[in-house]
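Sequence lines, in order, name chains A and B.
The numbering used here puts the first residue of the first sequence at 1, with every later residue one more than the last.
The numbering used here puts the first residue of the second sequence at 1, with every later residue one more than the last.
To be clear, the hints were calculated from the coordinates, so they are not data collected in a lab.
Check before you lean on any hint, since a few could be wrong.
Derived DEER-like restraints, expressed as beta-carbon distance ranges [what the hints assert, rightly or not]:
(1) B/F211 to A/P166: 32 to 40 Å
(2) B/V215 to A/E19: 49 to 57 Å
(3) A/Q13 to B/P327: 30 to 38 Å
(4) A/D27 to B/A248: 51 to 59 Å
(5) B/T405 to A/Y244: 49 to 57 Å
(6) A/E83 to B/T405: 49 to 57 Å
(7) B/C240 to A/V58: 41 to 49 Å
(8) B/P134 to A/E93: 54 to 62 Å
(9) B/A144 to A/A51: 23 to 31 Å
All C-beta atoms, glycine included, are put in the ideal place defined by N, C-alpha and C.
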Amino acid sequence: MSDKREIDPVTGQETTGHEWDGIRELDTPMPRWWLWTFYATIAWSVAYMIAMPAIPLVSDYTKGVLGYSQRESVRMDIAEAREAQSGLRSRIEEASLEEILDVADLREFAVAGGQSAFAVNCSQCHGSGGAGAPGYPNLNDDAWVWGGSLERIHEIIRVGIRSEHPDTLFNEMPAFLKDELLPRDQVDDVVEYVLAISGQDHEVESADRGRGVFLEQCAACHMESGKGDRELGAPNLTDAIWLYGGDRESIWNTVADPRNGVMPNWDDKLDPVTRKQLAIYVHQLGGGE
Amino acid sequence: MPEGADMTDTGSRSRVETVDVAPVNKKENRSLYKKREKIYPKRAQGGFRKFKWFVMAVTLTIYYVTPWLRWDRGPNAPDQAVLIDLPGRRFYFFFIEIWPQEVFFIAGLLILAAMVLFLTAATVGRAWCGYSCPQTVWTDLFIAVERFWEGDRNARMRLDRAPASVGKFGKKLGKHISWLLIAVATGGAWVFYFADAPTLASELFALDAQFAAYVWIGILTAFTYVFGGFMREQVCTYMCPWPRIQAALADEDTLIVNYNVERGEPRGSHKAGESWEGRGDCVDCNQCVAVCPMGIDIRDGQQIECISCALCIDACNGVMEKVGRPPNLIGYSTLNMADQDARGETPRFRMFRGRTVLYAGMIALVGAIMLYALLTRSVMDIGVQHQRNPLFTTLSDGSIRNAYTVRITNKLHEDRTFRLRVEGLAGADVRRIGGDAGLPVFRVGPDTIESYRVFVTSPGPDVPASRDLEFVIEDLANGNTAITDSSFKGPQR
């Protein structure tokens, strides 16, 4: 290294004065256009900080003279999207559920909106695909405790089941063992009987004894055939679909100490258009009647 | 000593003008630290010049006229012969119509083009660079315009040296306006490939076209103007990768523009009537340098700057004719031919070599594959997506139902009706959501893809956790089918 300015004989350019194994580096100035671009970016950044929100303060930030806000911009985008949808939304509000199903653009809009609302409000219990979970019904299948017509689905969404709504659908499965309505051996028998009518492996003698218990205690709601009653919200016990599980242990638990789950009402939480969209969406999942 | 040097001296019939010109891009003259020196190519006359005018006319005509050609495809499709329909996701080329998923046709076309370029490069050398590369064609056009306004080489040099005047300003203004008009026309023609040309043309003039159209015209205008008017040979020498690739493709049997050293040297000026005894045919008039658009001296041998435009051949042949010597002192030749010539053998051009045969074979192969793919291109397609959430649904009778999204593609420009069936699950119930029993029938509009949700239900509860299914659509009009694979899921047991 040396402090002396050196001129490279080939190019006539100054060198940096550094030398590595006989190799020296030319001290080539930055291209003029490059420098000016650099200065321009500095000027731009200063102007940008003045014009736009930039510097974080303790509990606030500098707003910038142009008054731009990302939140405001999102709010306007949403308002604009709502405005664009307003025609469809008002038509859905006025149309009956059947009419929505019949008109292609209304149906598509309802399904899309319903899907979105379902993901936000319903998927926590029913699953993002509506496949349900033990205690939360599968909305894709063809078994409905309270009925699967478009009107019925719409009504359930509005008032809920065992909810706080005054018009809520309500019933209660008694806790036969917990409340000592039946002795344990009769609970065992009736469970075998339910296994029998749903076509599963069971103890024949016990099931025969259980039949009497069933007719006495259960048939009022579940009917003598065990096929249930949708008006009462009594599930069909002869099919392959079980809300709380269909094996011996699950059925026993249900008879002994039922859970009586709650579907919340959405009357005041969702607007009528969204509820209609949800009903259409759930109806077309595969089980709609 | 070249042959015939000892023959009777005919003498120069007329004086040959010796040009005072330095090959600015000659290796020794060119320093990387130097600014570009302007080249003033002199007008050349001769066969190759005529051929270049011809190629220019053909290529420019193809470029400007193609978007205006019409091709009737029926009522549901555009009638432009060559159209890249970006919003509609279609590429039309006369009788060919390509969808985005068939972009491999474009890839095949590019491969084919590359192969053809390789073959040309191996046989006739840089014919692409010298005659048909857009950079060459437009630069040639721009130089012609420049010559129209400012005159030939000497006049242009005088004009540039002259002090500012109204006349000089007028000439320069005329030149630049002409250049810009050509550039705008070039950019304008480009956008016509992407929209219906007559419609877009009227929109453009009414200032009513899409903003993107003006942006692209602006970009193409700028590039044409700058590349053709100012950068010229620098594009070839510094920006284009092709000269480097070219070097790997050429061999000693590739045609190049070659100065016959044996015959030409020792060079020197020659007065009419002087003997040609003991000297070369080159009269050192520098005409070959003056006409060179690349600013090199072909007598220095092969150089990466040389685009093989052959204008020096024309220039030299003109001189040879004047001085009464045989033509092609500078001419198309190969390195082998030059050697054979030097040894006194008859030069032979070897067209068929390993690499040219290989390239030709590959071109034939790729071309055949492309042709086969094109002729057997399907005009219907089915895609099936198995619904994953839920994977399956148990119904109240215990049977298992799977849901699918079926996408049917109709590539014809007419309505078609397809029937869907499923193979691999005996007794399965197939139906559209909300539809009646029986195999579903779909009516798909012209040139569209439609999606449908379809349910497949097993006849009973006993299904394996997974089994393969085939979805088949059948065109009811002609019985043609398209098939795709999917699977049917059931509970784990």
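What are the numbers of the hints that this structure violates, sorted from low to high?
Those not satisfied are hints 1, 3, 4, 5, 6, 7, 9.
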